[in-house]
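Enquirer: If you read the sequences in order, they're chains A and B.
Residue 64 in numbering that gives the first Met the number 0 sits at position 65 of the first sequence, and the numbers go up by one each step.
Residue 129 in numbering that gives the first Met the number 0 sits at position 130 of the second sequence, and the numbers go up by one each step.
Among the clues, some could well be false.
Copies of the same chain look alike in the list, so a pair counts if it works inside one copy or between any two.
Said to hold, decoys possible - EDC-like mimics (lysine to aspartate or glutamate), calculated; alpha carbons at most 20 Å apart, straight line:
1. Lys93 to Glu134
2. Lys123 to Glu186
3. Lys2 to Asp166
4. Lys17 to Glu80
5. Lys126 to Glu186
6. Lys17 to Asp77
7. Lys79 to Asp166
8. Lys107 to Glu159
9. Lys93 to Glu53
Calculated directly from the structure, the hints in this document are not laboratory data.
Fair warning: this is a prediction, and the values are worked out from it, not measured in the lab.
Number of protein chains: 2
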Amino acid sequence: MTKPMVFVGLLHYPVYNKHMEIVTTSITNLDVHDISRSSRTYGVENYYIIHPLESQQKLIREVMGYWKEGYGAVYNPDRKEAISRIKLIESLEKTIEDITKITGKTPKIITTDARTYPNTVGYKYLKEKISAGEEPYLLLFGTGWGMRQDLMESADHILEPIYGPSDYNHLSVRSAVAIILDRLLGESWY
Amino acid sequence: MTKPMVFVGLLHYPVYNKHMEIVTTSITNLDVHDISRSSRTYGVENYYIIHPLESQQKLIREVMGYWKEGYGAVYNPDRKEAISRIKLIESLEKTIEDITKITGKTPKIITTDARTYPNTVGYKYLKEKISAGEEPYLLLFGTGWGMRQDLMESADHILEPIYGPSDYNHLSVRSAVAIILDRLLGESWY
Numbered sequence: 000m001t002k003p004m005v006f007v008g009l010l011h012y013p014v015y016n017k018h019m020e021i022v023t024t025s026i027t028n029l030d031v032h033d034i035s036r037s038s039r040t041y042g043v044e045n046y047y048i049i050h051p052l053e054s055q056q057k058l059i060r061e062v063m064g065y066w067k068e069g070y071g072a073v074y075n076p077d078r079k080e081a082i083s084r085i086k087l088i089e090s091l092e093k094t095i096e097d098i099t100k101i102t103g104k105t106p107k108i109i110t111t112d113a114r115t116y117p118n119t120v121g122y123k124y125l126k127e128k129i130s131a132g133e134e135p136y137l138l139l140f141g142t143g144w145g146m147r148q149d150l151m152e153s154a155d156h157i158l159e160p161i162y163g164p165s166d167y168n169h170l171s172v173r174s175a176v177a178i179i180l181d182r183l184l185g186e187s188w189y
Numbered sequence: 000m001t002k003p004m005v006f007v008g009l010l011h012y013p014v015y016n017k018h019m020e021i022v023t024t025s026i027t028n029l030d031v032h033d034i035s036r037s038s039r040t041y042g043v044e045n046y047y048i049i050h051p052l053e054s055q056q057k058l059i060r061e062v063m064g065y066w067k068e069g070y071g072a073v074y075n076p077d078r079k080e081a082i083s084r085i086k087l088i089e090s091l092e093k094t095i096e097d098i099t100k101i102t103g104k105t106p107k108i109i110t111t112d113a114r115t116y117p118n119t120v121g122y123k124y125l126k127e128k129i130s131a132g133e134e135p136y137l138l139l140f141g142t143g144w145g146m147r148q149d150l151m152e153s154a155d156h157i158l159e160p161i162y163g164p165s166d167y168n169h170l171s172v173r174s175a176v177a178i179i180l181d182r183l184l185g186e187s188w189y
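All chains should be built: construct the whole structure from the sequences, respecting the hints.
Expert: Okay, structure coming up:
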């Protein structure tokens with residue numbers, strides 16, 4: 000590897016619901032579109048939509064088909080380009096396998112959480128590590144009320160929570176992905 | 000004024016469609032939720048959803064009622080808090096009037112565009128201006144294929160386009176708002 004290689008994953012299982020029960024969430028159309036467009040803008044290699052059910056994957060494949068080959072591809076070619084980076088995949092294990100096959104290295108897994116842990120890192124630190132281009136990174140986001148605790152804790156690094164001027168932090172996953180990609184892969188505007 | 004005061008506006012008329020015709024777009028649920036949550040996280044005073052039709056405003060008011068007073072307020076109080084910053088309003092003129100009434104000053108209007116203009120400014124410059132707290136700012140975003148050219152050009156400042164490592168820039172308006180708020184009002188993580 001000589002150039003930065005970043006992958007994004009959106010996990011639909013195992014995640015918590017509001018009552019801290021382990022559930023599988025549904026794939027939403029907006030998560031498909033917004034996150035693929037942000038991923039494409041920031042040069043992410045692949046955006047993995049991780050869902051264990053073939054029926055859900057099939058549904059999303061049909062929506063994607065409209066934008067990739069149907070009328071949508073003609074009407075909005077930019078969206079076609081963004082969607083071409085999406086991979087529908089059944090598990091986190093398969094995602095790691097796929098990235099290892101593509102890059103020749105096991106990816107470092109990065110998650111985010113509202114709390115801090117012993118392996119919490121800052122954005123500046125991770126931006127420098129990524130740009131060194133020595134290892135592939137998988138930025139892993141949970142849906143629902145967040146990914147299962149043991150997955151969170153097994154990550155190589157956990158990113159600091161995003162704060163504005165207040166202590167309110169309830170960004171949508173779509174907004175959080177956009178901001179994190181901008182901090183890690185965006186130009187140095189500051 | 001002694002503290003930074005920033006307002007966000009999402010314009011549904013007058014904006015272009017794909018064929019560069021002037022149209023009124025519909026308010027979408029996701030724009031309501033995602034942008035109000037980002038606005039609340041970054042300490043934005045009010046988020047103005049600008050739409051000329053009373054029928055559209057009424058529809059959104061009903062959805063908001065569910066989250067403010069209905070079951071949604073109990074189920075998800077964080078969302079209630081975000082939504083309390085939303086104002087439905089009929090025009091850009093009324094928005095400016097409202098901000099002037101609240102702050103005692105006419106707001107500076109900031110837009111974004113993929114092209115550069117004589118009044119294009121960088122994020123660092125604007126972040127410093129905002130934090131000086133001398134004037135209120137309205138960050139104005141267009142829906143559809145962007146706001147009418149004359150509105151764009153009459154803004155006090157136009158923000159530089161957001162770039163990642165490529166020349167592809169087709170972020171959703173929800174992602175663009177999140178990134179711009181983070182750059183202008185977020186902590187100095189860099």
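Enquirer: Of the hints given before, which are not true for this structure?
Expert: none
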